[in-house]
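Working from the sequences, and respecting the hints, build out all of it.
There are 2 protein chains.
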Amino acid sequence: MAVNLPAPVPAALHPVAGVELGVAMAGIKRPDRKDLLLMRLAPGAQVAGVFTRNRFCAAPVLIAKKNLLGKKNIRALVVNTGIANAGTGRDGLQRALKVCEYAARLVGCKPVEVLPFSTGVIMEALPVERIIAGLPHALSDRGDWLSAAQAIMTTDTVPKAFSRKIKLGTGEAVVTGIAKGAGMIRPDMATMLGFVATDAAVSRKFLEKIVKRAADRSFNRITVDGDTSTNDSFILVASGKGPAVSSPKDLSTLERAVTEVSQYLAQAIVRDGEGATKFVTLTVERGRSEAECRRIAYAIAHSPLVKTAFFASDPNLGRILAAVGYCGANVDVSRISLYLDEVLVAAKGGRHPAYRDEQGVAAMRKPEFTVRVVLNAGKAAATIWTCDLSFDYVKINAEYRT
Amino acid sequence: MAVNLPAPVPAALHPVAGVELGVAMAGIKRPDRKDLLLMRLAPGAQVAGVFTRNRFCAAPVLIAKKNLLGKKNIRALVVNTGIANAGTGRDGLQRALKVCEYAARLVGCKPVEVLPFSTGVIMEALPVERIIAGLPHALSDRGDWLSAAQAIMTTDTVPKAFSRKIKLGTGEAVVTGIAKGAGMIRPDMATMLGFVATDAAVSRKFLEKIVKRAADRSFNRITVDGDTSTNDSFILVASGKGPAVSSPKDLSTLERAVTEVSQYLAQAIVRDGEGATKFVTLTVERGRSEAECRRIAYAIAHSPLVKTAFFASDPNLGRILAAVGYCGANVDVSRISLYLDEVLVAAKGGRHPAYRDEQGVAAMRKPEFTVRVVLNAGKAAATIWTCDLSFDYVKINAEYRT
Chain A
1 MAVNLPAPVP AALHPVAGVE LGVAMAGIKR PDRKDLLLMR LAPGAQVAGV
51 FTRNRFCAAP VLIAKKNLLG KKNIRALVVN TGIANAGTGR DGLQRALKVC
101 EYAARLVGCK PVEVLPFSTG VIMEALPVER IIAGLPHALS DRGDWLSAAQ
151 AIMTTDTVPK AFSRKIKLGT GEAVVTGIAK GAGMIRPDMA TMLGFVATDA
201 AVSRKFLEKI VKRAADRSFN RITVDGDTST NDSFILVASG KGPAVSSPKD
251 LSTLERAVTE VSQYLAQAIV RDGEGATKFV TLTVERGRSE AECRRIAYAI
301 AHSPLVKTAF FASDPNLGRI LAAVGYCGAN VDVSRISLYL DEVLVAAKGG
351 RHPAYRDEQG VAAMRKPEFT VRVVLNAGKA AATIWTCDLS FDYVKINAEY
401 RT
Chain B
1 MAVNLPAPVP AALHPVAGVE LGVAMAGIKR PDRKDLLLMR LAPGAQVAGV
51 FTRNRFCAAP VLIAKKNLLG KKNIRALVVN TGIANAGTGR DGLQRALKVC
101 EYAARLVGCK PVEVLPFSTG VIMEALPVER IIAGLPHALS DRGDWLSAAQ
151 AIMTTDTVPK AFSRKIKLGT GEAVVTGIAK GAGMIRPDMA TMLGFVATDA
201 AVSRKFLEKI VKRAADRSFN RITVDGDTST NDSFILVASG KGPAVSSPKD
251 LSTLERAVTE VSQYLAQAIV RDGEGATKFV TLTVERGRSE AECRRIAYAI
301 AHSPLVKTAF FASDPNLGRI LAAVGYCGAN VDVSRISLYL DEVLVAAKGG
351 RHPAYRDEQG VAAMRKPEFT VRVVLNAGKA AATIWTCDLS FDYVKINAEY
401 RT
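Residue numbers (this note's numbering), protein chains in the order written: chain A, 1 to 402; chain B, 1 to 402.
FYI, nobody ran anything at the bench for these hints, they're computed from the structure.
Each hint should be verified, as a subset may be incorrect.
The list treats identical chains as one, so a pair stands whether inside a single copy or across any two.
[What the hints assert, rightly or not] Derived lysine to aspartate or glutamate pairs resembling EDC-like cross-links, with alpha carbons at most 16 Å apart:
| id | residue 1 | residue 2 |
| --- | --- | --- |
| 1 | K212 | E260 |
| 2 | K65 | D314 |
| 3 | K395 | E285 |
| 4 | K366 | D314 |
| 5 | K98 | D216 |
| 6 | K110 | E285 |
| 7 | K241 | E172 |
| 8 | K348 | D91 |
| 9 | K212 | D144 |
| 10 | K98 | E129 |
| 11 | K395 | D314 |
| 12 | K165 | D357 |
| 13 | K212 | E20 |
| 14 | K241 | E20 |
| 15 | K71 | D332 |
| 16 | K71 | E260 |
No experiment lies behind these values; they were computed from the predicted model shown.
Put into C-alpha cells, the structure is as follows:
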C-alpha cells in the first residue's frame with residue numbers, strides 16, 4: 001500500500017536511445033516473476049555510479065565499482081532480484097564474475113565491460129546457472145522501462161520509474177530512471193538499486209559529478225528503517241545517442257532533470273516503504289551546520305517510538321523532542337520550536353500554550369505531513385523523507401524469507 | 001509477557017534499614033493505580049546517582065542533579081509515574097520544585113534535600129495538586145520494596161526488584177533495588193528509573209564511583225528500541241544503618257553486589273521490553289577496542305530488520321552482517337565469524353559451508369539465545385542485552401497515550 005504513489009507509474013516513460021532493455025523470469029528465488037534485467041548500452045555510452053558504504057558490501061558491488069574504476073566503456077548491466085549475493089565471501093565474487101563472463105559473451109564485449117547488480121536475501125548463494133539460463137531470454141526480450149522496473153522489485157509493492165524531457169541547446173533529450181527498495185533503506189551513498197539514463201552526450205567527468213550530487217539530494221536523504229543495505233547502487237548512464245550537452249546552461253538543465261528524477265524515485269521508495277501508511281517530510285532548520293541538521297533529522301526518522309506515533313496518528317510529540325535530545329547534537333533545547341505542518345507544537349523547548357492535541361491529530365491523520373524542527377541557532381538546514389513503523393513492517397520482515 | 005522473568009519477583013526482597021517506603025494512588029494519569037512513591041532516608045544516608053545524557057532531560061532530572069551536586073544530605077526521594085515532566089520548559093521546573101517544597105515540609109527537611117523523579121508521557125504538564133494530595137497517603141503508608149517497584153511502573157508488565165545479602169568485615173549488609181522501564185530504553189547513563197539501596201555505611205566518594213561503574217556494566221548495556229529517555233536516572237543509596245565498609249575487600253564485596261543487583265534489574269527491563277518475546281545476549285569479541293565492540297553490538301541491537309528476524313525465529317542472519325557493515329566500525333569483513341549460541345553461522349565474512357538453516361531456527365526458537373560476533377582483530381570485547389521487535393511493540397506504542 002504505497003502512500004500517494006500513482007500505479008503503475010506516474011506518466012509516460014520515455015525510451016532512451018542507446019539503452020536497450022530486456023527482462024526474464026529466471027526463477028532465482030521464486031518462480032513466475034520477472035527477476036532478471038539485462039540493460040545493453042550503445043558503444044561510447046558513459047556511465048558513473050555511487051555505491052553503498054556498508055563494509056559488508058555485496059560481491060556485485062565490489063565488481064561494479066572495480067569495473068567502473070577501470071574506465072572501460074561499459075556495455076551491459078545485469079541485475080537480478082531474489083538473492084543479494086552479499087555476505088558470501090570469495091565464493092560470491094566468483095559467482096558474480098561468472099555472470100559477467102557469460103553476459104559479456106552474449107552481448108559481445110569483455111567481462112570488465114559488464115556491471116553486475118543483485119538484490120534480495122543476504123548470505124545465500126547466487127544461483128548462477130539460473131541466471132545464465134535466463135540471460136538469453138532477457139537478450140531477446142524487447143522490454144521497456146516499466147518492465148525493467150518490475151524485474152528489480154523485492155518487497156516493493158509497486159514498480160518505481162520516472163521520466164523527463166529536457167531542452168538542451170542542440171535539441172531535446174530525455175532522462176528516465178527506475179529504482180527499487182522498500183526495506184533496509186538508509187542509503188549511505190545511493191539507494192538499494194537506482195538506474196537513471198539519458199540519451200544526452202556528456203563527458204564522464206561531468207556525469208561523475210552529477211551522480212554524486214543527485215544522490216546527495218535524493219537517495220541519500222531517505223530512510224525507512226535505518227538499515228544501510230549491502231547492495232546500494234545508483235547508476236547514471238549517458239548513451240550519447242541524443243543531443244550533446246554543449247553549454248553550462250545545458251549542464252545545469254541536465255543535472256536538474258537527473259536530480260528531479262532521482263528525488264521522485266527516492267521518495268517513491270519511502271512511499272512504498274515496508275508497511276508504510278504515512279509519508280513524512282522532516283525538515284530541521286536554522287542549525288549551525290547541515291551535518292547537525294541531518295543528524296537530528298535522522299534521529300527523529302529512526303526512532304521506533306516516533307515512527308509508531310506516526311502510524312497511530314498520535315501526536316505524542318515529546319518523542320520527537322527526546323530524539324533531538326539524544327542524537328548527540330549540541331543543541332540548546334530552550335531555543336527549539338517544533339511544527340507539525342503549520343501548527344506550532346512546541347516553543348522554547350516546551351509545549352506551546354496555544355497548542356491543542358486535536359490540531360496534532362488532524363495533521364498526522366493525513367497520509368503526508370511535514371515535521372519541522374527549528375533550532376534557532378544558525379543558518380543551515382536539511383530535509384529528509386521517511387515513513388511510519390506499522391504492524392505490516394513487522395509482518396513483512398518477520399515473514400520475508402518464508 | 002516478560003521473557004523468563006519470575007513474577008512478581010524472584011525471591012525475598014530484604015528491607016533496608018534507614019530507608020522507609022510509602023506509595024499512594026494519586027490518580028496522576030489514570031485512577032486506581034499506584035503511581036506515587038515516597039522514599040525517606042535516615043539522616044546521614046549517602047546518595048549518588050547517574051542521569052540521562054539526553055539534552056532534553058526532564059525537569060526532575062535537572063533538579064535531582066543539582067541537589068546531588070549540592071552535597072547536602074538527601075532525606076527523601078519522590079517518584080511519580082504517568083507524566084515524565086520532560087519537554088515542559090520553565091513551567092516544568094517550577095512544578096517539580098513545588099513537589100520538592102511540599103515533600104520537604106511533610107518529611108521535615110529542606111527542599112534541596114529532596115530528589116524528584118518522574119516517568120511517563122513527555123511534554124504534558126505535571127499535575128502538582130494530585131501529587132501534593134497523594135503525598136500524605138504515601139507518608140502514612142508502610143510500603144515495601146515490592147509495592148515501591150509497582151508504584152513506578154509505566155508500560156512494564158511486571159514489577160522489577162532484586163535483593164542480595166552480603167557479608168562485610170563487621171557484619172551482614174543488604175543490597176536491594178528496583179527499576180522500571182520497558183520502552184524508550186537505550187540508557188546513556190542509567191535506565192529509565194533505578195533505585196538501589198544498601199544499609200552499609202560507606203563514603204559518598206566511593207558510592208559515586210560504584211554507581212558509575214555498576215551503571216556501565218548494567219543499565220548502560222541494554223537497549224530495547226534505541227530511544228534514550230529524557231528521564232533516565234539511577235540512584236544508589238547507602239543508609240549507614242548497617243555495618244560499615246571497613247576494608248578494600250568490603251568495598252569490592254559491596255560493589256559486586258550492587259553490580260549484580262543492577263544487572264538483574266537491567267536485564268529485567270529487557271526481558272519486559274515492550275512486546276518482547278526474546279531475550280538476546282549480543283557479544284562482540286576480539287575487536288580492537290571496547291568502544292568498537294559496543295558500537296557493533298548496538299548497531300545489531302537497533303536494526304529493525306535484525307529485531308524482526310529475532311521475533312520470527314528466522315535466521316535471516318545476513319541482516320546481522322549488514323548491521324556490522326554499516327555501523328561505521330572499521331572492520332575487516334573477511335575475518336569475521338558469527339555464532340548463534342554454539343552454532344558457527346558465518347566464517348571469513350561468508351556463510352559457513354556446514355551451517356544449516358535448521359540449526360539457526362532451533363537456536364532462535366528459544367526464548368533466550370546469544371549472538372556472538374568474532375572480529376579476529378584484537379583483544380577487546382563487549383556484551384549488551386536486547387530483545388526482539390514484535391507486533392506488540394508497535395501495538396503498545398501506537399496506543400500508548402490512549
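Discussion item. Need the list of violated hint numbers for this structure, in ascending order.
Written reply: The structure breaks hints 2, 3, 5, 6, 9, 12, 13, 15, 16; every other hint is satisfied.
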